Amino acid sequence: DGGITQSPKYLFRKEGQNVTLSCEQNLNHDAMYWYRQDPGQGLRLIYYSQIVNDFQKGDIAEGYSVSREKKESFPLTVTSAQKNPTAFYLCASSISAVSSYNEQFFGPGTRLTVL
Amino acid sequence: KQEVTQIPAALSVPEGENLVLNCSFTDSAIYNLQWFRQDPGKGLTSLLLIQSSQREQTSGRLNASLDKSSGRSTLYIAASQPGDSATYLCAVPSLRGGGADGLTFGKGTHLIIQP
Chain U
1 DGGITQSPKY LFRKEGQNVT LSCEQNLNHD AMYWYRQDPG QGLRLIYYSQ
51 IVNDFQKGDI AEGYSVSREK KESFPLTVTS AQKNPTAFYL CASSISAVSS
101 YNEQFFGPGT RLTVL
Chain F
1 KQEVTQIPAA LSVPEGENLV LNCSFTDSAI YNLQWFRQDP GKGLTSLLLI
51 QSSQREQTSG RLNASLDKSS GRSTLYIAAS QPGDSATYLC AVPSLRGGGA
101 DGLTFGKGTH LIIQP
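Residue numbers (our numbering), protein chains in the order written: chain U, 1 to 115; chain F, 1 to 115.
Misleading hints may appear alongside valid ones.
List of simulated lysine-lysine pairs, DSSO-like, C-alpha gap at most 27 Å [said to hold, decoys possible]: (1) U:K70 - F:K1; (2) U:K71 - F:K68; (3) U:K9 - F:K1; (4) F:K42 - U:K9; (5) F:K107 - U:K83; (6) F:K1 - U:K83; (7) U:K57 - F:K107; (8) F:K68 - F:K42; (9) F:K107 - U:K71; (10) F:K42 - F:K107; (11) F:K42 - U:K83; (12) U:K57 - F:K1; (13) U:K14 - F:K42.
No lab work stands behind these hints, which were simulated from the structure alone. Values in this document were obtained by computation on a predicted structure and should not be read as measured data.
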């Protein structure tokens, strides 16, 4: 089955810890994205990557880091510098980041809770 | 900066009714608009993508229209069913740096179909 997988489904973090959320896709898509969703708010873009070894900050990149070493994988690290990390994190991909072709497909999400 | 608004925020209707969800955006220079469905605690499912050159797009009981000049889109759901209960989100490209950078989302319409 082609699709996007995220792991883990639930993640608990202690204050001061860094944690990494996994996102893998087997759709052969060039572009990948990370969004954050908070109750009562729309999704907000954290980082995106148009191609391997390249990524750009979105609207709320502070306290997060990413890497794109392989086309299939785009892990997100939530660092201790992120002051309010409790949220639902969604990974997405699209064939290309060029707007004409950027129908985005989403993974099932990871719910991160800070203890 | 692109902003997306969805009205109403919540809607509850009896099964079998036809209904319309509204989405408006502030910058009409978009390449496309995408409608998603989100079930509680789940990721987003892409329903329809309308290119800027199109006026309508249909998938089963769903019909989405786009009026770029007025900055509006509607999602029409025919003969609603309890299984249609979910949150519906619309999104447009963020238009940062030529548009190749992710989506700007509305806060969604929470739809309940009463059996």
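The hints, checked one at a time:
no., hint, in the structure
1, U:K70 - F:K1, "violated (32 Å)"
2, U:K71 - F:K68, "violated (34 Å)"
3, U:K9 - F:K1, "violated (32 Å)"
4, F:K42 - U:K9, "holds (10 Å)"
5, F:K107 - U:K83, "holds (23 Å)"
6, F:K1 - U:K83, "holds (25 Å)"
7, U:K57 - F:K107, "holds (22 Å)"
8, F:K68 - F:K42, "violated (30 Å)"
9, F:K107 - U:K71, "violated (30 Å)"
10, F:K42 - F:K107, "holds (16 Å)"
11, F:K42 - U:K83, "holds (24 Å)"
12, U:K57 - F:K1, "holds (16 Å)"
13, U:K14 - F:K42, "holds (24 Å)"
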